[in-house]
Amino acid sequence: MAKNDNPNSQNFNYITYGSKCNSIELEGFLEHVLKYTFITPPKPNEPPTPVCIWGRHGVGKTQIVRNVADKLGANFVYIAPAQFEEMGDLVGMPKIDENGQQTHFIPPDWVPRTEGPGIFLIDDVNRADDRILRGIMQLLQNYELVSWKMPPKWHIVLTANPDGGDYSVTSMDDAVLTRMLHITLQFEVQSWARWAEAAKIDPRGINFILTYPEMVTGNRTTPRSLVQFFRETEKIEDLSENLPLVKMLADASLDEETAAAFLSFVKLQLNQLISPEEIINAKKFDGIEKQLRGLVEQKTKRLDILSVISTRLINYLIVNNISIDKAQTDNLKLFLLLEFIPNDMRLFMAQELVNSKNASLKKLLAIPEIGKLLLSKM
1 MAKNDNPNSQ
11 NFNYITYGSK
21 CNSIELEGFL
31 EHVLKYTFIT
41 PPKPNEPPTP
51 VCIWGRHGVG
61 KTQIVRNVAD
71 KLGANFVYIA
81 PAQFEEMGDL
91 VGMPKIDENG
101 QQTHFIPPDW
111 VPRTEGPGIF
121 LIDDVNRADD
131 RILRGIMQLL
141 QNYELVSWKM
151 PPKWHIVLTA
161 NPDGGDYSVT
171 SMDDAVLTRM
181 LHITLQFEVQ
191 SWARWAEAAK
201 IDPRGINFIL
211 TYPEMVTGNR
221 TTPRSLVQFF
231 RETEKIEDLS
241 ENLPLVKMLA
251 DASLDEETAA
261 AFLSFVKLQL
271 NQLISPEEII
281 NAKKFDGIEK
291 QLRGLVEQKT
301 KRLDILSVIS
311 TRLINYLIVN
321 NISIDKAQTD
331 NLKLFLLLEF
341 IPNDMRLFMA
351 QELVNSKNAS
361 LKKLLAIPEI
371 GKLLLSKM
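In full-length UniProt numbering, the protein residues as written are 1 to 378.
Possibly wrong hints are sitting among the right ones.
What follows is a set of in silico ranges between Cβ atoms, one per label pair, in the way DEER data are often shown [claimed, not checked]:
| id | residue 1 | residue 2 | range |
| --- | --- | --- | --- |
| 1 | K247 | P213 | 17 to 23 Å |
| 2 | G371 | G287 | 23 to 29 Å |
| 3 | N355 | I236 | 34 to 40 Å |
| 4 | R293 | D344 | 15 to 21 Å |
| 5 | Q102 | R220 | 48 to 54 Å |
| 6 | N343 | G287 | 20 to 26 Å |
The calculated lysine-lysine pairs, modelled on DSBU-like cross-linking and capped at a C-alpha distance of 30 Å, are [claimed, not checked]:
| id | residue 1 | residue 2 |
| --- | --- | --- |
| 7 | K357 | K326 |
| 8 | K333 | K301 |
| 9 | K267 | K299 |
| 10 | K200 | K20 |
| 11 | K326 | K283 |
| 12 | K357 | K284 |
| 13 | K333 | K363 |
| 14 | K326 | K267 |
| 15 | K95 | K153 |
| 16 | K35 | K357 |
| 17 | K200 | K267 |
| 18 | K71 | K20 |
Think of the hints as simulated: they come from the structure by calculation, not from any bench. C-beta atoms are modelled at their ideal positions from N, C-alpha and C, and glycine is treated no differently.
Put together the whole structure using the sequences plus the hints.
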């Protein structure tokens with residue numbers, strides 16, 4: 001069991017279970033557990049152990065499960081037991097047979113009926129009424145209820161909000177908790193930024209989160225509400241020319257503090273940071289270096305801006321699997337060797353790039369300065 005250490009959670013004593021992880025680690029954990037279920041012949045009376053993912057609202061629990069289902073080519077069924085009013089919603093409705101001798105239950109239409117691979121997601125399980133939770137316990141243990149049975153090669157995954165805080169949840173006792181594997185998802189800016197690059201989120205929004213990661217978690221501000229906001233801002237070409245509209249959209253989605261920070265971000269023109277494409281496709285790198293120096297070498301050296309630009313560049317090359325040509329390699333070399341980049345940041349960038357699955361980035365090892373830097377840290 002873990003207690004909350006989030007400074008933005010109004011000191012609520014949130015209770016979660018299992019290791020804390022970011023989104024990339026959670027995907028790896030789920031893939032490991034689920035692949036075994038999908039490829040191993042089912043054992044009689046030994047159903048897979050369900051997985052329960054804990055985390056605050058809007059951190060992406062449900063979306064990650066959907067993504068893993070897509071990645072593994074698995075069927076996906078979703079239920080939200082908070083919508084269930086009585087056990088009939090879970091087990092189905094009774095029907096008397098033609099002879100009038102017996103009563104049979106007709107299962108709900110969402111019940112899986114074909115062999116997997118499949119993921120059965122019970123979303124926000126602890127927002128269900130206590131009666132529904134007691135009914136679900138049999139499903140967690142035996143993968144069946146009185147009226148229906150889970151087909152082979154299906155795995156039950158649940159999501160839950162933390163207990164012990166401001167969430168309207170039903171506490172789960174040990175009899176329920178001990179029937180599951182537990183893990184807790186927390187927001188982590190670097191893994192989110194890589195996901196956002198793949199999801200084609202507005203680059204200006206990614207820059208904002210990388211610049212102000214402390215603004216992500218609030219009452220109304222969550223990774224989910226931020227993505228909703230960025231989906232709206234991507235429709236606006238020039239944010240600074242449309243500040244009143246941007247403010248209304250921000251106020252519609254986010255906490256007041258986050259909205260104010262984003263407007264300040266736009267007014268300072270930080271949303272117009274140099275893009276990864278501009279860096280690697282520059283015809284003359286001198287112009288890029290001059291722009292970067294102007295952004296970074298201010299009265300107080302803006303390493304935060306340099307970190308944002310570097311992270312965006314890394315994610316752009318890795319996520320999109322960009323096969324860099326000679327000119328792009330030369331530009332990347334010039335960027336990595338900029339004298340105002342701290343050595344620890346330079347080393348981190350080089351390691352991320354050459355250790356990625358993008359084979360074209362391995363050629364960076366042939367650059368003497370980069371190779372020497374990497375070898376010195378081995």
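Against the structure, the hints:
1. K247 x P213: 17 to 23 Å: holds, 22 Å
2. G371 x G287: 23 to 29 Å: For G371 and G287 the Cβ distance comes to about 28 Å; the hint holds.
3. N355 x I236: 34 to 40 Å: holds, 37 Å
4. R293 x D344: 15 to 21 Å: holds, 19 Å
5. Q102 x R220: 48 to 54 Å: Holds: the Cβ-Cβ distance is about 52 Å, inside 48 to 54 Å.
6. N343 x G287: 20 to 26 Å: holds, 25 Å
7. K357 x K326: Answer holds: K357 to K326 is near 19 Å, not above 30 Å.
8. K333 x K301: holds, 22 Å
9. K267 x K299: holds, 19 Å
10. K200 x K20: Distance of about 27 Å is within 30 Å: holds.
11. K326 x K283: Given pair K326, K283 holds - Cα atoms ~12 Å apart, limit 30 Å.
12. K357 x K284: Given pair K357, K284 holds - Cα atoms ~28 Å apart, limit 30 Å.
13. K333 x K363: holds, 10 Å
14. K326 x K267: At roughly 37 Å apart (the allowed maximum being 30 Å), K267 and K326 break the hint.
15. K95 x K153: holds, 29 Å
16. K35 x K357: OK: K35 and K357 at ~22 Å, within 30 Å.
17. K200 x K267: Satisfied, since the Cα-Cα distance of roughly 24 Å is no more than 30 Å.
18. K71 x K20: holds, 23 Å
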